[in-house]
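Undergrad: If you want the building blocks of each chain, they are given just below.
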Amino acid sequence: MGPLDFNVVIRNLPYLWEGLQSSFLLAAIAICGGILFGAILAVLRLSSIKPVALAALGYVNFFRSVPLILIIFWFYFLVPLLLGRATGPFLSAAIAFTMFETAYYCEIIRAGVQSLPKGQINAGIASGLSRIQAMRYIVMPQAFRNMTPILLTQSIILFQDTSLVYVVSLRDFMTSASTVANQELRLVEIYIFVAVVYFTICFVASRFVNTFSYGFSR
Amino acid sequence: MSYRWNWSILFTEPYFGWLLNGFKTTVMLALSSWAIALALGSLLGVARTLPGGPLRWFATSYVELFRNVPVLVQMFLWFFVLPELVPVGIGNWLKRGLAYPEFFSAMLCLGLYTASRVAEQVRSGIMSVPRGLSAAARASGLTPAQTYRYILLPIGFRIIVPPLTSEFLGIFKNTSIALTIGVLEITATSRQIESYTFQGYEAFTAATVLYLTIALILLFLTRRLESRTRIPGWISRDST
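From first to last, the protein sequence lines stand for chains A and S. Using the working numbering, the first residue of the first sequence is number 1, and each one after it goes up by one. Using the working numbering, the first residue of the second sequence is number 1001, and each one after it goes up by one.
Derived by calculation from the structure, the hints in this document are not laboratory data. Computed from a predicted model, the values in this text were never measured in an experiment. Note that CB positions come from ideal geometry on N, CA and C, so glycine has one too. It is possible that part of the hints are untrue.
What the hints assert, rightly or not - If you only want the chain A side, here are some residues facing chain S, beta carbon under 8 Å, derived:
{"id": "1", "residue": "63"}
{"id": "2", "residue": "77"}
{"id": "3", "residue": "80"}
{"id": "4", "residue": "194"}
Stated by the list, open to error - In silico contact screen, one side only, chain S against chain A (beta carbon under 7 Å); selected entries:
{"id": "5", "residue": "1072"}
{"id": "6", "residue": "1101"}
{"id": "7", "residue": "1176"}
Build the full structure now, drawing on both the sequences and the hints.
TA: Next comes the structure, spelled out in C-alpha cells:
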C-alpha cells in the first residue's frame, strides 16, 4: 500500500458523524432503559418473596453468562418474528442492549443498596412508610449517590460495546467506518481514526468520572 | 406465522461437527489469550505499583489505551492494520505465512486487551495488602524485589482470585468478537447454521446452551478455587 492519506477521513466526515450520532443514540437509550429496569430488577432481586428473587437472579445470571454478540443476534432474529413485520436493526439492537445492560446495572444497584446499613430501611418502615416508599425515598437516593461513579463507568463500557452492532450492519460509527474503509480501500487510516475517536471520547469521559467521584467519595 | 421446528438439525452432520469445532475454537482461543493476559497483566499490575519512573508510566498508559478502545476496534487494528504498518516481509508473513492468521490476531487482541484488565486487578490486590506488612518486610531486611516476591504478590493474588475468575469468564464471552475477523467460534458457527438451514431458534439455542455450560463449569471450578485460596479472616468483598 502507498503512504498514509488521512484526507479520506476528512472527505467522509459527514457520513462518519451520522454514524457516531446513532452510536450515541443507541447508548443513551440503553443507559436510560438499563438503569431504569436495572433498578426495578434490583428491588425484585432483594425481594423477600423467594420465587421473585430467584427469577430476578436467573435473569441476571443468564445475561451475564452469554456474550453480547449472541444476544444481538438473538434479538435481530426474534424481534421481526415476534412483531410479524420487518423492522430495522435499530429497534432490535436497542431492545437487546437494554435487556443485556439491565442485568449489569441491576448488579451494581443491588450492591449499592446492600452497602447501606439495614437500619435505614427499618427506620423508614418504623416512621410509617411502606416498604416501597422506604426504598423509593430513603434507600435509593442514598444508594444512587454512592454508586454514581460505577454506573458511569459501566455506561462508558456500554458505549464501547455499541460498536458490536457492526455484526447486524446497523449503521453506527463502527459500521459506517468499515463501509468507508472498504469503499475507499483505506482500512489503515480509517481504523486508526476510529480508534482515536473512541479513545478520546472514553478517556475524557473516564477522567470526568474520576474527578466527579472525588466529590462523591465519603 | 408458521415456524418449522427441527431440533434434530443440531445433531446431524455437518452441523453437529461445526458446533463441536466452534466449541473447541472458543475454548482454545480463550485459554491461549488468558495465558497472555495473566502473564502480561501481572507484570503491568506490578509496574503500576512501583514508586514512579518509566515502567510505571508505561503500564499506566498501556492500561488507559487498551481500556478506552472497543475490543472490536482493537480486533480490526491487529488483523487489518498491523500487517500493513510493519515491513512488507513481516506483513506478508502475518497475512499468509501463519497457519491461522485470524486465530492468531484474535488471540493477540484478546490477550493484550484482557491484560489491561488483569493489570488493574493485580494493582488493586497489591494495594490492598496492609501497608504495615511491606513496611515490616523492609524493616526485617528484605529487598523491594523480595518484598514483592514473598509478601505482596502471594497475599495480593489471593485477595483478587474472585475478580480474576470473573475476568476469566469474560474472556470466554469476548472470544465471540473474533467472529468479526472470521474465526469460527461458537457464535459464528450458530450464525452459519442459521444461514444454511434457516433454523434460527435451534442454532442460537445451541450456542446459548454451550455458553451457559461453559459458565456453569467455570462457576463450579472457580467456587472451589475461591474457597481454597480465601485468606482466613479476610473480609471477602463483593466483586462485580
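Undergrad: Each hint should be assessed against the structure and marked as holding or not.
TA: Verification of the hints:
With its C-beta approaching chain S no nearer than about 11 Å, residue 63 of chain A sits outside the 8 Å limit, and its interface hint is violated. Hint status for residue 77 of chain A: holds, given a least beta-carbon distance of 5 Å to chain S, under 8 Å. Evaluation of the residue 80 of chain A hint against chain S yields a violated restraint, the C-beta minimum of about 10 Å exceeding 8 Å. Annotation: residue 194 of chain A was flagged as interfacial toward chain S, and the flag holds, the nearest CB pair being 6 Å apart, inside 8 Å.
Annotation: interface hint on residue 1072 of chain S holds; nearest CB of chain A at approximately 5 Å, less than 7 Å. For residue 1101 of chain S, the interface hint is violated, since its Cβ never comes within 7 Å of a Cβ in chain A; the closest pair sits about 15 Å apart. Given hint, residue 1176 of chain S at the interface with chain A, holds; its Cβ is 4 Å from that chain's nearest Cβ, closer than 7 Å.
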